[in-house]
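**Student:** Mind docking chain B on chain A? Use the hints.
Each chain is listed here by its residues.
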Amino acid sequence: DVKVTQSSRYLVKRTGEKVFLECVQDMDHENMFWYRQDPGLGLRLIYFSYDVKMKEKGDIPEGYSVSREKKERFSLILESASTNQTSMYLCASRTGSYGYTFGSGTRLTVV
Amino acid sequence: KNEVEQSPQNLTAQEGEFITINCSYSVGISALHWLQQHPGGGIVSLFMLSSGKKKHGRLIATINIQEKHSSLHITASHPRDSAVYICAVYTGANSKLTFGKGITLSVRP
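Chains as they are written, first to last, in my numbering: chain A, 1113 to 1223; chain B, 196 to 304.
Rather than coming from a laboratory, the hints here were simulated on the basis of the structure.
Treat the hints with care, since some could be wrong.
What the hints assert, rightly or not - Using 30 angstroms as the maximum straight-line C-alpha spacing, the simulated DSS-like pairs for lysine-lysine come out as follows:
| hint | chain 1 | residue 1 | chain 2 | residue 2 |
| --- | --- | --- | --- | --- |
| 1 | A | Lys1182 | A | Lys1115 |
| 2 | B | Lys263 | A | Lys1169 |
| 3 | A | Lys1169 | A | Lys1182 |
| 4 | A | Lys1115 | B | Lys248 |
| 5 | A | Lys1165 | A | Lys1115 |
| 6 | A | Lys1167 | A | Lys1130 |
| 7 | A | Lys1115 | B | Lys296 |
| 8 | A | Lys1125 | A | Lys1115 |
| 9 | B | Lys291 | A | Lys1182 |
| 10 | B | Lys296 | B | Lys248 |
| 11 | B | Lys250 | A | Lys1115 |
| 12 | B | Lys291 | B | Lys248 |
| 13 | B | Lys263 | B | Lys296 |
| 14 | A | Lys1130 | A | Lys1115 |
| 15 | B | Lys249 | B | Lys263 |
| 16 | A | Lys1115 | B | Lys291 |
| 17 | B | Lys263 | B | Lys250 |
| 18 | B | Lys291 | A | Lys1167 |
| 19 | A | Lys1115 | A | Lys1183 |
| 20 | A | Lys1167 | A | Lys1182 |
| 21 | A | Lys1169 | B | Lys296 |
| 22 | A | Lys1115 | B | Lys249 |
| 23 | A | Lys1183 | B | Lys291 |
| 24 | A | Lys1115 | A | Lys1167 |
| 25 | A | Lys1169 | B | Lys291 |
| 26 | A | Lys1125 | A | Lys1165 |
| 27 | A | Lys1165 | B | Lys291 |
| 28 | A | Lys1167 | A | Lys1183 |
| 29 | A | Lys1125 | B | Lys296 |
| 30 | B | Lys249 | B | Lys291 |
| 31 | A | Lys1167 | B | Lys296 |
| 32 | B | Lys291 | A | Lys1130 |
| 33 | A | Lys1130 | A | Lys1182 |
| 34 | B | Lys250 | B | Lys291 |
| 35 | B | Lys296 | B | Lys249 |
Stated by the list, open to error - Derived list of chain A stretches under chain B, where covered just means 3 residues or more per stretch with a C-beta under 8 angstroms from a C-beta of chain B:
| hint | stretch |
| --- | --- |
| 36 | 1142-1154 |
| 37 | 1212-1221 |
Said to hold, decoys possible - To list a few chain B residues with every Cβ distance to chain A over 10 angstroms, as calculated:
| hint | residue |
| --- | --- |
| 38 | Glu210 |
| 39 | Ser221 |
| 40 | Lys249 |
C-beta: ideal position from N, C-alpha, C; glycine also.
Isolated chain A (complex conformation):
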């Protein structure tokens, strides 16, 4: 089975801190995604990547950046964390067909 691993389940950071959320997949997938999930809004796409060093903005990229230096790792970066970035963050990877595998999520609280 494909595994998508997010490095932290829970994270508490202070306003203004730089925050790194890491995601690693073990199946050589080309496509990887970062979503945030908020009550009443569902999952919204922040950024995605088709391949190493390739990235594209999703629906809500403001305040975020990403890095994909190796195929298996896709990092989400909050340059200067703010309280409105408190959320559940989910990483996913996609096979060549339509199958998606999601990580366990990171619940980030910015205080």
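**Tutor:** What follows is chain B alone, placed relative to chain A:
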């Protein structure tokens, strides 16, 4: 209007009941996913379908492409089925999924 609508918004059932969760979408799709998320947990893909019907244990998913509608059925529901169920469609555009907002199912013992 959202491209993916789910109904009902929230659902409470008694253990053993037959449950149906609906999903309607307004765009052409290549595939539809049913996803499950337990409280505090990650998301698990239950089904991916592009036509017809799929069954896995007590779960059945159907899709009607012409009517742009899919249903997820749970037979003999159990409290461990309590979770958020999310419908997501794959339109083929840039490999992105479009998600419904999810419905919260509570199954009482």
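**Student:** Next, verify each hint and record whether it holds.
**Tutor:** Hints versus structure:
This hinted pair checks out: A/Lys1182 and A/Lys1115 have alpha carbons roughly 16 angstroms apart, not beyond 30 angstroms. Taking the CA atoms of B/Lys263 and A/Lys1169, the gap is near 28 angstroms; set against the 30 angstroms cutoff, the hint holds. About 19 angstroms separates the Cα atoms of A/Lys1169 and A/Lys1182, which keeps this hinted pair within 30 angstroms; it holds. Between the alpha carbons of A/Lys1115 and B/Lys248 the distance comes to roughly 27 angstroms, so the proposed pair stays at or under 30 angstroms and holds.
Under the criterion of a C-alpha separation no larger than 30 angstroms, the hint pairing A/Lys1165 with A/Lys1115 is consistent with the structure, at around 21 angstroms. Restraint check: the Cα-Cα separation between A/Lys1167 and A/Lys1130 comes to about 20 angstroms, which is no more than 30 angstroms; the hinted pair holds. Distance restraint check for A/Lys1115 and B/Lys296: the Cα-Cα separation of roughly 25 angstroms lies within the 30 angstroms cut-off, and the hinted pair is therefore satisfied. A hinted pair counts as satisfied when its Cα atoms are at most 30 angstroms apart, and A/Lys1125 with A/Lys1115 qualifies at roughly 26 angstroms.
Taking the CA atoms of B/Lys291 and A/Lys1182, the gap is near 21 angstroms; set against the 30 angstroms cutoff, the hint holds. For the suggested pair B/Lys296 and B/Lys248, the alpha carbons sit about 23 angstroms apart, so the restraint of at most 30 angstroms is met. Between B/Lys250 and A/Lys1115, the direct Cα distance comes to roughly 23 angstroms. Compliance with the 30 angstroms bound is thereby established for this hinted pair. Taking the CA atoms of B/Lys291 and B/Lys248, the gap is about 23 angstroms. The hint holds against a cut of 30 angstroms.
Of the supplied pair hints, the one linking B/Lys263 and B/Lys296 holds, its CA atoms being roughly 17 angstroms apart against a limit of 30 angstroms. Restraint check for A/Lys1130 and A/Lys1115: the C-alpha separation of about 27 angstroms stays at or below 30 angstroms, so the hint holds. At most 30 angstroms may separate the alpha-carbon atoms for a hinted pair to count; B/Lys249 and B/Lys263 meet this at roughly 17 angstroms. Restraint check for A/Lys1115 and B/Lys291: the C-alpha separation of about 19 angstroms stays at or below 30 angstroms, so the hint holds.
Taking the CA atoms of B/Lys263 and B/Lys250, the gap is near 20 angstroms; set against the 30 angstroms cutoff, the hint holds. For the suggested pair B/Lys291 and A/Lys1167, the alpha carbons sit about 13 angstroms apart, so the restraint of at most 30 angstroms is met. Under the criterion of a C-alpha separation no larger than 30 angstroms, the hint pairing A/Lys1115 with A/Lys1183 is consistent with the structure, at around 14 angstroms. Restraint check for A/Lys1167 and A/Lys1182: satisfied, since their Cα atoms lie roughly 12 angstroms apart, inside the 30 angstroms limit.
Simply put, A/Lys1169 and B/Lys296 have alpha-carbon atoms about 21 angstroms apart, close enough for the 30 angstroms limit, and the pair holds. Distance restraint check for A/Lys1115 and B/Lys249: the Cα-Cα separation of roughly 23 angstroms lies within the 30 angstroms cut-off, and the hinted pair is therefore satisfied. Using a Cα cut-off of 30 angstroms, the hinted pair A/Lys1183 and B/Lys291 holds, with the two alpha carbons roughly 18 angstroms apart. For the hint pairing A/Lys1115 with A/Lys1167, the CA-to-CA distance comes to about 21 angstroms; that is within 30 angstroms, so the pair holds.
A hinted pair counts as satisfied when its Cα atoms are at most 30 angstroms apart, and A/Lys1169 with B/Lys291 qualifies at roughly 11 angstroms. For the proposed pair A/Lys1125 and A/Lys1165, the alpha carbon gap of about 27 angstroms is at most 30 angstroms, so the pair holds. Taking the CA atoms of A/Lys1165 and B/Lys291, the gap is about 18 angstroms. The hint holds against a cut of 30 angstroms. Simply put, A/Lys1167 and A/Lys1183 have alpha-carbon atoms about 12 angstroms apart, close enough for the 30 angstroms limit, and the pair holds.
Pair hint A/Lys1125 plus B/Lys296 holds up; C-alpha atoms about 27 angstroms apart against a cutoff of 30 angstroms. Pair hint B/Lys249 plus B/Lys291 holds up; C-alpha atoms about 23 angstroms apart against a cutoff of 30 angstroms. With a C-alpha separation of about 25 angstroms, the suggested pair A/Lys1167 and B/Lys296 falls inside the 30 angstroms cut-off, and the hint holds. In summary, the hint linking B/Lys291 to A/Lys1130 is supported, as the alpha carbons are separated by about 27 angstroms, within the 30 angstroms threshold.
Pair hint A/Lys1130 plus A/Lys1182 holds up; C-alpha atoms about 21 angstroms apart against a cutoff of 30 angstroms. Note on B/Lys250 and B/Lys291: the hinted pairing holds, with a Cα-Cα distance of about 25 angstroms set against a maximum of 30 angstroms. Pair hint B/Lys296 plus B/Lys249 holds up; C-alpha atoms about 22 angstroms apart against a cutoff of 30 angstroms. Coverage of a stretch by a chain is defined here by at least three residues with a beta carbon nearer than 8 angstroms to that chain's beta carbons; for the stretch 1142-1154 of chain A and chain B the count is 5, and the condition holds.
Counting residues of the stretch 1212-1221 of chain A whose CB lies closer than 8 angstroms to any CB of chain B gives 7, which reaches the minimum of 3, so the coverage claim holds. The Cβ of B/Glu210 sits about 26 angstroms from the closest Cβ of chain A, beyond the 10 angstroms cut-off, so the non-interface label holds. Non-interface status of B/Ser221 relative to chain A is upheld: no Cβ of that chain comes within 10 angstroms, the nearest being about 16 angstroms off. Distance check for B/Lys249 against chain A: the nearest CB is about 13 angstroms away, which clears 10 angstroms, and the non-interface claim stands.
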